[in-house]
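Chemist: Residue numbers (my numbering), protein chains in the order written: chain B, 1 to 440; chain L, 1 to 489.
Since the hints were derived computationally from the structure, they do not count as laboratory data. Virtual Cβ for every residue (Gly too), placed ideally from N, Cα, C. Just to be clear, a hint being listed does not mean it is correct.
Said to hold, decoys possible - Across the chosen pairs, the derived CB separations fall in these ranges:
id, chain 1, residue 1, chain 2, residue 2, range
1, B, A61, L, D406, 41 to 47 Å
2, B, S48, L, K109, 55 to 61 Å
3, B, D386, L, D253, 28 to 34 Å
4, B, E387, L, R209, 35 to 41 Å
5, B, E124, L, T67, 53 to 59 Å
6, L, E286, B, E124, 26 to 32 Å
7, L, D82, B, E417, 55 to 61 Å
8, B, T13, L, L55, 45 to 51 Å
9, B, E64, L, P182, 32 to 38 Å
10, L, D39, B, A61, 51 to 57 Å
11, B, R143, L, D39, 35 to 41 Å
12, L, P170, B, A61, 57 to 63 Å
13, B, S48, L, P211, 20 to 26 Å
14, L, R445, B, S48, 51 to 57 Å
Said to hold, decoys possible - Straight-line distance between alpha carbons at most 27 Å, and here's what the computed DSS-like set of lysine-lysine pairs gives:
id, chain 1, residue 1, chain 2, residue 2
15, B, K400, L, K389
16, B, K347, B, K72
17, B, K400, L, K391
18, B, K55, L, K391
What the hints assert, rightly or not - Examples of chain B residues toward chain L, derived with CB under 8 Å:
id, residue
19, L354
20, M361
21, K364
22, E368
23, D372
24, G379
25, A384
26, F411
27, E433
28, L436
29, T438
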Amino acid sequence: MADIQNLRSAAETRLSSLFESARQSFASEEKISREEAFKFFEATGLPSRRVEAFKYTDLRAAIEDAAHPAKKPSLDVAKAAVSAATAFAGIEAVRLTFVNGHLIGELSDLDRVPAGVTVTPLNEAMSQGDPLLKQLAPVAQTRENPIYQLNTAFLADGALISVDAGATVETPIHLRFVGTGETAFSTATRVLVTLGEGAEFSFLESHEGQDGVAYQPNDVVDTVIADRANLHHTRLNREGDKAVALSTITARLGAGSNIESVNLVFGGVLSRHQIYLHFAGENATATVNGAAMLGHGRLADSTLLADHAAVGGVSREMFKTVIDGDSTGVFQGKIIVRQAAQKTDGKMKSDCLLLTDDGQMMNKPELEIFADDVACGHGATCGAPDEDLLFYLMARGLPKPIAESLLVQAFVGEAIESVTHEGARDALIGEVEGWLKTRG
Amino acid sequence: MPAVQETIDRVRSIDLDQYKYGFETVIEMEKSVRGLSEDVVRFISAKKDEPEWMLEWRLDAYRRWLTMQEPDWARVSYDKIDYNNLYYYAAPKRPAALSLDEIDPEILKTYEKLGIPLREVEVLEGIAPERRVAVDAVFDSVSVATTFKKELSKAGVIFMPISEALREYPDLVRKYLGTVVPVTDNFFATLNSAVFSDGSFVYIPPGVRCPMELSTYFRINERDTGQFERTLIIADKGSYVSYLEGCTAPKRDDNQLHAAVVELVALDDAEIKYSTVQNWYPGDNEGKGGIYNFVTKRGDCRGARSKISWTQVETGSAITWKYPSCILRGDDSRGEFYSIAVSNGMQQVDSGTKMIHLGKNTSSRIISKGISAGRSQNTYRGLVSAHKKAKNARNFTNCDSLLIGDQCGAHTVPYIESKNASAVFEHEATTSKISEDQMFYCQQRGLSNEEATALIVNGFVRDVLQQLPMEFAVEAQKLISISLEGSVG
């Protein structure tokens, strides 16, 4: 309700003072509208469950105190942190390494960037007023999102990755994010990926961090995909067990372009991954999948908005949640089909497996349709592993835990299957197997 | 897939211009003063000759209402309602009638025109009895006639206006009133608690199958009045009742408010079937006039193995804000919700249901069909939740919507909350996945995918709709025959 004002929480007050003290260090010529973003954030505050979009993920309660933005670590600290990072380690890729939200040039392959690709560290781009910065925040709805706005306000580092028109890049870029520290800290990174017409490009994102530290990463990836370009994105969240991990990916899709994005979540005491798709050109396609494997009282939230604004868009979203122990899964998906977006084909699905009685799953698959010649649908299911299937496997001599693991693997596998990069797909499958083993 | 011509024609045939019930009855009315205050609440209570506790109950609700804010989460927009510019009570001036002959002939004519039988048709010996329905006719704020009361009382069934029940069975009313929809439930329910005028009270004693269908027909007639009826139905252990509700209003340029509360209580093994054909005046094609329909309907499956089933055919009202719900408290209880909502012109519908699973082995089913045409907005909003202790809860939800023309909108906002592993929830919005087996069976016999789908879904809905009496059935039948072609989730 409009005129009920919440008292400001300790975290909100602290964020205001943090912003105040960080203000001087922001470069004056940069094209980032931090002030505007923070003004928006101050007006809304940290969203509580009274805010519809955060009904199941109460950030106001989860973030008791706002942590101080992390400083750039020394090279030694960074090296030590990276040596422990193993995600996607076996994949042949060009690496950009971020430790505590800062790009570490010495640990990145900035000199090995493949042909057709330009990588500019965000800080460099900001101080030079890089024209690419204009392409940040390509999806309008993010203006209403407090997580995204908070990222803009506190933006510390990141990279601009630009792929030339017509370039087909074989080697993926691996954005490796590692968190390390003794006490709580926060990060705010932004990566912009732009694809020229007809380009093809893959990138991987891995997020790892130390257990036992209540750090607060807030990572945003903006993508602008020109006509007929093709983008593949694979993301792995293995944040530490106390992390409150917020992340967003946005995509603006040109005519006939395609994005395929898969996010696999294990970590964070709370994680929220937001996906914003804007179908700007005709006949664009998007496949967005997600899987979360949760235990130990974690909460994972996947929130998706697919905004079809042009004719003939196709979107396929599939989310799988496996819940063990007293964990909570949240899926909120919304497909908007605007009046002009005739012939849109949108299918959204969220399935959940509850392995114990203590877990819970909240599903909210929404449709908002203003065009009459469309085929849109959504499905949501929730339940325990099928007794018949378990029986079938056990009748063939498999002990119950193994039978259950097999079913879970098959269940999650469906969402991972769409990863086109073979190495990344195998790595994700390996992660799933690892989770099932430790669960035992 | 766009809608087929046949569908478009059918929807047009029930278009706004065709609103048949828009006439006005001119009779002398007695009204409360304009606006809302404690005095008006006292006035209404005094008019109804209510016991002291009831007045306190109303005043308590009124004071709470003053502290509440109008909800804004629904997908409807309308000009702010000036609650102080309404009449909260309006009744025909002629003294209460004891028999049908004493009712104002103008009112009788009104109901005749609406096709509502107020005369009890004598059943002649040797001739098969017609299907009979007992009717409680509510005209603005009062009930003008209730038929078949004697025959019903022989079976022990109490069916009377709630104001009469407050005088004759105060203990029974007091025991259940506000136990399903608490006084403070929501803005509109609290307003209703303060100023409700008439509505029906039904009590079915243990083990009794109500000998005939019961129905209430609501008519708003007077200008600038709001109708705030309250219905309370109690099905005692092992009983059964089917209840129908119909409503119409005159065509007017200004908006009128209708804020009703319906409470159902089903004890062990009892079953309540509640059907509504909502046909309030929807306003004209430009969105002028029409009823604002803000209704709180909730059923409580309080006993084990009880069952509550809601069926609604929504065609009227400028704004509909209505979520008939079931609280599945008793073990093995069952809730059902079947809805067809058709919006046209500038209508805005935000409707759906809540199935709250609390008991063990509870099950629920939701079938919702929304059809939007013209420049209307049609939203399905629903909640299915399973509490931790609701072992083996089952839900199946299917909501389809159909758009006719590109000026309207169809929206779906389902909330599915599962808090235990043995609960199995399925929500689907794709028509092709109703039941593979049934589809296969139909297709094997030569039906196309679409014909088979239509047959299966219509079969579901028709089951319940066919139990509506003839007066209501014609319209409802027209609606369900609408093809499912071009459905979107």
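Chemist: Is K400 of chain B within 27 Å of K389 of chain L, Cα to Cα?
Modeler: 25 Å, holds
Chemist: Does the hinted range 55 to 61 Å hold for D82 of chain L and E417 of chain B at CB?
Modeler: 58 Å, holds
Chemist: Looking only at beta-carbon atoms, does the pair E387 of chain B, R209 of chain L fall within the given range of 35 to 41 Å?
Modeler: Since E387 of chain B and R209 of chain L have Cβ atoms about 38 Å apart, the given range 35 to 41 Å holds.
Chemist: Can you let me know if the beta-carbon spacing of A61 of chain B and D406 of chain L is within 41 to 47 Å?
Modeler: Check passed, 43 Å falls within 41 to 47 Å.
Chemist: Using the beta carbons of D386 of chain B and D253 of chain L, state whether their distance is inside 28 to 34 Å or not.
Modeler: Given a distance of about 58 Å, which is not inside 28 to 34 Å, the answer is violated.
Chemist: Measuring from the C-beta of G379 of chain B to each C-beta in chain L, is the shortest one below 8 Å?
Modeler: 5 Å, holds
Chemist: Against chain L, with CB atoms and a cut of 8 Å, does the hint on E368 of chain B hold up?
Modeler: 5 Å, holds
Chemist: Do the beta carbons of S48 of chain B and K109 of chain L sit within 55 to 61 Å of each other?
Modeler: 56 Å, holds
Chemist: Was the hint right that D372 of chain B lines chain L, CB cutoff 8 Å?
Modeler: At about 4 Å, which falls below the 8 Å cut-off, the nearest Cβ of chain L leaves the hint on D372 of chain B intact, so it holds.
Chemist: For the range 53 to 59 Å, tell me whether the beta carbons of E124 of chain B and T67 of chain L fit it or not.
Modeler: The hint (53 to 59 Å, Cβ to Cβ) holds, given that E124 of chain B and T67 of chain L are roughly 57 Å apart.
Chemist: For the hint on L436 of chain B, does the least C-beta distance to chain L fall short of 8 Å?
Modeler: 17 Å, violated
Chemist: Given the range 20 to 26 Å, decide if the beta-carbon distance of S48 of chain B to P211 of chain L lies inside it.
Modeler: Because 53 Å falls outside the window, the suggested range is violated.
The structure does not agree with the numbered hints 3, 6, 10, 11, 12, 13, 16, 26, 27, 28, 29 stated previously, though it agrees with the rest.
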